[in-house]
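Protein sequence lines correspond, in order, to chains C and U.
Heads up, the first sequence is in this note's numbering, so the first residue is 1 and it goes up one at a time.
Heads up, the second sequence is in this note's numbering, so the first residue is 1 and it goes up one at a time.
Treat the hints as calculated values from the structure; they're not laboratory data.
There could be a bad hint or two in this list.
With a Cα cut of at most 30 angstroms, we get these calculated DSSO-like pairs of lysine-lysine [unchecked claim]:
no., chain 1, residue 1, chain 2, residue 2
1, U, K104, C, K15
2, U, K215, C, K62
3, C, K26, U, K104
4, U, K251, U, K444
5, C, K26, U, K105
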Amino acid sequence: MSPSQRNETLADLLKEAAQKFDVPLKLLEEILWEERIHLYLAMTSRQSVRKRVREILQETSKNATA
Amino acid sequence: MRLLKLEMKNFGPYRGKIDLDLKAKSDKNLWVIWGTNGSGKTHILKAIKWCLYGCDPSLRRQMQYGSERDAWEFIYGTYMEDQPPPDPYMYVHLWLEADSEDPKKPQQYLVKRSVSPRTQKPMNPTQIKCDFEVIINGRPSDSPREAIEAVLPLAASQFFMFHGEEIREMSQKHMEQTRKAIELILEAETFRQGKEDLLAVAHEIDNDLDDERRKSGGVDDLLDLKKRLQEKIQSLDNECAICKNEIADKKKQLDSVQIDLAKNEDSRVLKNKLDELSQRLDEIEEERKRTLARRGDLINDLPSKLILPELMKVLEGKEERHKKREEQGKKISELVGRLQLTKDVLKLERCVCGRPITERERERINKECRDIEETISKLQAGLEEEDPTYYEIRETIATIKSSKMNFEQFKKDLHENALRHDEIEGNTKNLERKLSESKIEEIKNLVEQRDNLLTEIGKAQQRLENFTTELETQKNRLDEILRILERKERHDSIRESLDRQYDLVTRCTSAFESVLTRLSDVRRRAIGNNATEIFRKLTNKPEEYDRIEIDDQFNVSVIDKRNNIVHRETLSTGEREVVALSFILGLMNASEKVAPLVLDTFFVHLDESHYGNIVKALPSFADQTILILTDLEYQNLKERAPSSFFKHVAQTWQTVRNQAEFQSTILPEKEGKD
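Throw the hints in and build the complete structure from the sequences for me.
As structure tokens, this is what we get:
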């Protein structure tokens with residue numbers, strides 16, 4: 001499985017999950033991005049990841065209300 | 001992750017500094033390290049693992065990051081207690097590169113792990129100091145351990161860099177850690193971490209919600225209070241308005257009265273003067289009454305005044321006798337004084353001039369005393385008798401004279417009083433002439449009206465002041481209630497937002513969980529397919545065995561051409577090693593992580609066919625492969641491997657043991673096969 005195939009599969013799975021659980025795909029992607037940043041670069045602490053995730057949730061929740 | 005260079009000093013059996021260049025050049029991606037048993041070849045693998053993780057997985061105990069016990073083994077473990085190493089400093093530095101988001105710009109890592117003694121002669125692991133540093137693109141990482149985990153997790157490292165014994169052990173039993181390896185190596189780890197973070201965030205939000213619920217409840221009572229306060233304020237406002245109207249109305253009336261009073265100003269002044277005169281007349285009348293009362297007393301004293309001349313004549317007759325008695329008394333007093341003085345002289349012994357008083361002189365003084373006493377007796381015998389009425393008559397005369405004077409004063413006072421009364425009465429009559437009776441009545445009414453209005457205005461103002469104070473108090477209370485309600489409403493809004501966030505995070509967690517499960521499934525199948533592809537190249541029974549399958553319990557099985565599971569027990573040791581290697585390589589191919597493949601004494605149990613297949617396929621297994629071989633394995637490789645294999649070898653090293661000096665060394669060989 002090539003990296004592009006892997007990414008394609010992941011993108012499909014995320015899209016399906018977003019639809020199934022009625023969550024904006026962008027939100028899942030953003031949270032995933034934060035986790036990736038943490039895991040790949042190890043530049044941020046878990047606490048800061050959680051803080052950022054919470055911010056993303058707040059923003060999404062606000063936008064959804066608007 | 002690709003290794004670029006290994007540098008170590010005093011690690012394990014090696015003394016001094018050792019450098020191994022591991023940077024791949026064009027299609028040369030194989031490195032071979034060979035040597036006899038115990039010459040230190042496995043320590044090269046251990047050095048790489050210790051540098052990255054600080055532990056020695058081959059010790060088969062619970063692996064612990066940065067274990068000082070493992071570090072102690074690598075430098076002091078090879079020496080006797082009484083013969084410590086001459087150089088107690090040890091380090092391993094590893095240069096490597098790892099893929100980043102931009103495939104053209106891999107991240108450069110320098111991993112440094114070192115040991116130094118805390119005391120002059122360390123006796124146990126607690127007396128050494130271990131340092132660990134990771135420099136990424138020239139900048140020290142704040143969390144070096146996590147940086148390495150991101151490159152290649154410790155738990156996954158066993159699938160990439162392993163000793164032959166490890167893969168043999170792995171092939172003997174079900175791979176309990178397969179699932180974990182998949183999660184760690186594949187991006188499933190990201191989802192697992194993400195799910196944990198989402199659950200933690202959900203927990204935080206839930207706690208915040210509890211706080212907000214506490215802060216926002218109990219609004220109904222406040223709303224009721226707010227309504228009641230508003231009603232009360234409205235009622236007070238009305239009362240104030242009524243008071244203000246009343247005051248305005250009364251003031252208007254007062255203005256009108258004041259205008260009327262101003263119009264009658266002259267009359268009012270006259271009236272005031274008249275009132276004043278009337279008051280003065282009353283006062284004079286009072287005074288006259290008091291004076292007339294005095295007249296009664298004076299009339300009572302009148303009879304005594306009539307006998308005054310008679311009393312005067314009687315007193316005159318008694319005056320001569322009274323004077324004579326006074327003169328006699330005066331003379332007797334003088335003689336008594338003189339007698340006393342003469343008696344005092346007799347008591348003295350000397351005269352005032354200091355001369356002693358003679359007897360003759362004393363006799364003469366005594367005679368003089370007797371003469372004086374005789375004279376006093378004669379005078380007292382001839383003294384006139386005291387007249388007891390003399391003083392009484394004199395006192396009565398004085399009283400009657402004083403009474404006479406009072407009577408004169410009475411007559412004078414009465415006269416003056418009558419004069420003043422006449423004068424004021426005259427003035428009053430003049431004023432009364434100027435003012436008609438009706439005018440006086442009008443002014444009197446106006447003044448009365450004015451006074452009444454002023455009193456009423458004062459009362460209304462007092463009421464207004466009370467209402468205003470009460471109004472102010474109630475408004476302040478209402479403001480406070482409104483502020484509290486506003487705060488509560490704000491908390492309600494926050495709570496609503498938190499509710500939405502909680503709902504969202506719960507759904508995100510479920511979505512992540514779903515992706516994690518699906519991803520594991522998809523990738524489990526992908527790993528199975530990759531492993532099968534490799535297995536088909538390596539197995540010596542391609543006609544009999546069909547594929548490798550990984551079930552949902554992550555058991556790795558071989559499926560034969562009849563679609564039956566070939567039980568592990570029926571596979572030979574070599575076959576199980578081939579299955580394990582196929583699974584590992586399948587895992588590597590399916591992984592987003594890139595890591596070097598280090599195979600340590602792997603070929604021992606392989607038959608001719610398996611060996612040939614593996615050697616043939618080895619250069620394509622990984623970007624970077626390090627083979628660690630015994631001298632026999634190396635000899636075997638040189639004899640059996642095709643010449644094309646050696647074209648991929650970048651460098652060959654031989655580990656050599658110097659038994660005399662209790663140390664090993666590593667020597668480079670010329671590249672390629674002879």
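Verification of the hints:
1. K104/U to K15/C: holds, 28 angstroms
2. K215/U to K62/C: holds, 21 angstroms
3. K26/C to K104/U: holds, 27 angstroms
4. K251/U to K444/U: Roughly 19 angstroms between the alpha carbons, so the hint for K251/U and K444/U holds.
5. K26/C to K105/U: This hinted pair holds, its Cα atoms lying about 27 angstroms apart.
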